[in-house]
Amino acid sequence: MQFTLEFGGGLELLCDSVKIHKVNINLLNDSDILTMKDLLSWVRTNLIKERPEMFMKGDTVRPGVLVLVNDCDWELSGQLDTTLEDKDVIVFISTLHGG
Amino acid sequence: MEAGEAKSKKAGGSRLCCICNQRRPVLKRPKTLQQICRECFYEVFEEEIHQVIVGNRLFKSGERVAIGASGGKDSTVLAYVLSELNRRHNYGLDLFLLSIDEGITGYRDDSLETVKRNEVQYGLPLQIVSYKDLYGWTMDEIVKMIGLKNNCTFCGVFRRQALDRGAALLKVDKLVTGHNADDIAETVLLNILRGDIARLSRCTSITTGEDGPIPRCKPFKYTYEKEIVMYAYFKKLDYFSTECIYSPNAYRGFAREFIKDLERLRPRAILDIIKSGEDFRIATTTKMPEQGTCERCGYISSQKWCKACVLLEGLNRGLPKMGIGRPRGSGNDQKDTKARSTAKSIESKQCGSLEF
Chain A
1 MQFTLEFGGG
11 LELLCDSVKI
21 HKVNINLLND
31 SDILTMKDLL
41 SWVRTNLIKE
51 RPEMFMKGDT
61 VRPGVLVLVN
71 DCDWELSGQL
81 DTTLEDKDVI
91 VFISTLHGG
Chain B
1 MEAGEAKSKK
11 AGGSRLCCIC
21 NQRRPVLKRP
31 KTLQQICREC
41 FYEVFEEEIH
51 QVIVGNRLFK
61 SGERVAIGAS
71 GGKDSTVLAY
81 VLSELNRRHN
91 YGLDLFLLSI
101 DEGITGYRDD
111 SLETVKRNEV
121 QYGLPLQIVS
131 YKDLYGWTMD
141 EIVKMIGLKN
151 NCTFCGVFRR
161 QALDRGAALL
171 KVDKLVTGHN
181 ADDIAETVLL
191 NILRGDIARL
201 SRCTSITTGE
211 DGPIPRCKPF
221 KYTYEKEIVM
231 YAYFKKLDYF
241 STECIYSPNA
251 YRGFAREFIK
261 DLERLRPRAI
271 LDIIKSGEDF
281 RIATTTKMPE
291 QGTCERCGYI
301 SSQKWCKACV
311 LLEGLNRGLP
321 KMGIGRPRGS
331 GNDQKDTKAR
341 STAKSIESKQ
351 CGSLEF
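Quick note, the sequences are listed as chains A and B, same order.
The letter at position 43 of the first sequence is residue 43 when you use UniProt numbering, and the numbering goes up by one with no holes.
The letter at position 87 of the second sequence is residue 87 when you use UniProt numbering, and the numbering goes up by one with no holes.
Bound conformation, chain A alone:
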């Protein structure tokens, strides 16, 4: 499945200062769905190059990191349980950097 991942608000610094990543992710298990939980663990392993604690805490994003799936707050779509579809656009923005 293809996704567009965008990192902003300073999070791009954790992945080689690249803001937009076009990625291809194969389904991890037998089930045919991919959730935000799966995506986050993929991102942590494959995209985050430094200070992963700035991005994640436990199995979810660090409090203060906003997540949008297709420009919609992930708090409306079930957060970690949000199921993703091909060509979804997922945006991560840190609110923790300077004002």
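Derived by calculation from the structure, the hints in this document are not laboratory data.
For each residue, glycine too, the CB sits at the ideal point set by N, CA and C.
Worth double-checking, as some hints may not be accurate.
Derived list of chain A stretches under chain B, where covered just means 3 residues or more per stretch with a C-beta under 8 Å from a C-beta of chain B [unchecked claim]:
(1) 40 to 54
(2) 81 to 95
Below, a sample of chain B positions facing chain A; criterion: calculated Cβ distance under 8 Å [as the list claims (entries may be wrong)]:
(3) E39
(4) K221
(5) V229
(6) M230
(7) T242
(8) G298
(9) S302
Start from chain A and add chain B according to the hints.
Just chain B now, kept in the frame of chain A:
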């Protein structure tokens, strides 16, 4: 975003915006837990700030107002929203952008580029004042001399005065800053943790410094950081987001993280902490520092010399520890406990960007 629209049934389910009942919600408001659409979000976000401005009589028609602009999310959104509201509701304000150049290569020079773009985008005149011009030192030079310990003390103390000096140059009546609800809740907690009762009692005031040279106010006092960032994102506002290269920010960082953890469990916690801060009453037996003026530069100070003058004297005499920790030496001969507690509370402040 046609693809996004097509998939609207997933994100947000079948529910509609709580306010207009027509469009797809894009955001859950931390303040009310309402699910609202983009258009209604813009409207309530701007309207609430307008109500805060009107309800607290922050401005009078004809006033000149400087917006403390760092190029970061809060001040960028503040500049955008304030100029919008000024037009829409005929506040009759003359707005200016005021930026401080601390002289931090790779950080402030980049963020100032953002502010210069904002100057053009929003049509607001920009004034930049630099530490180099005001004090003869850049932060880079200060760090070279004193190292990475206590550098935030210098920066914070200098910034506070620099904003006032810049405001005086612009001949403004008021200075507004982008401090948001999360910042204020965090500061309430920090002041409690430090036992800093003087700051605790004023950190929740929407306007401060009315007895000083230029009053400061915080129109975002009740605005959640989440909404500010969402607003900037949806409106595609141009802001800069990199942590200062010199800021370890450890103590404040813990408080910030704690607030964010609380917010995840119960978003109202942020407003409730502010409310607790507002409703505290200081016991009449509590000793408060007396406000006077600095004998050297005339700036408000509870000591003979203001903190900036003491720090600057130390730098210029090659004694950078002067003014850090216990006040000693020239300019500070009142060695009472009051003086000591003031110095300590400034020393433990890791980063001065949130000075109230």
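Numbers of unmet hints, in rising order:
1, 3, 4, 8, 9
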